[in-house]
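Asks: Sequence:
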Amino acid sequence: MAGTLPSRQLCVTIERPPGEVYDFASLPENFPKWAAGLGNSVTRAAGGWIAQTAQGPLRVRFTERNAFGVLDHYVRPARGDEIYVPVRVIANGSGTEVLFTLFRLPGMSDAQ
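Per my numbering, the sequence shown runs over residues 5 to 116.
If you're looking for bench data, these hints aren't it; they were derived computationally from the structure. Because the structure is a prediction, the values reported are computed rather than measured. Please note that the accuracy of each hint is not assured.
[What the hints assert, rightly or not] Label pairs and their computed distance ranges (CB to CB):
(1) 7 / 28: 35 to 43 Å
(2) 33 / 111: 17 to 25 Å
(3) 76 / 96: 17 to 25 Å
Think of the CB as a built atom: it goes at the ideal place given N, C-alpha and C, for glycine as much as any other residue.
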């Protein structure tokens, strides 16, 4: 793919310490509680995780826990290319900012 993709950044402020937010959000089992696009459940599968969504199962893989607040994940629909979703947990005083970057892939609608 040549060039850059249109992107949208979302920021959520959470009135909890960044370490606590990262600890909660970094557990794949908790992703459905805060990542709406990953459906109602995430279960461990060979080579990653499977999220059950309204559009069908998605294969998901996550970055390893790290000291930098990186919560990137990669989503692969049953048909289609892998989608990269960068996520950062950043301190904001005694609270936290969680930043998501969403890339609009070719053929993807605004709603997707």
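Asks: Work down the list of hints and note, for each, if the structure agrees.
Replies: Hints and how they fare:
{"no.": "1", "hint": "7 / 28: 35 to 43 Å", "in the structure": "holds (36 Å)"}
{"no.": "2", "hint": "33 / 111: 17 to 25 Å", "in the structure": "violated (31 Å)"}
{"no.": "3", "hint": "76 / 96: 17 to 25 Å", "in the structure": "holds (20 Å)"}
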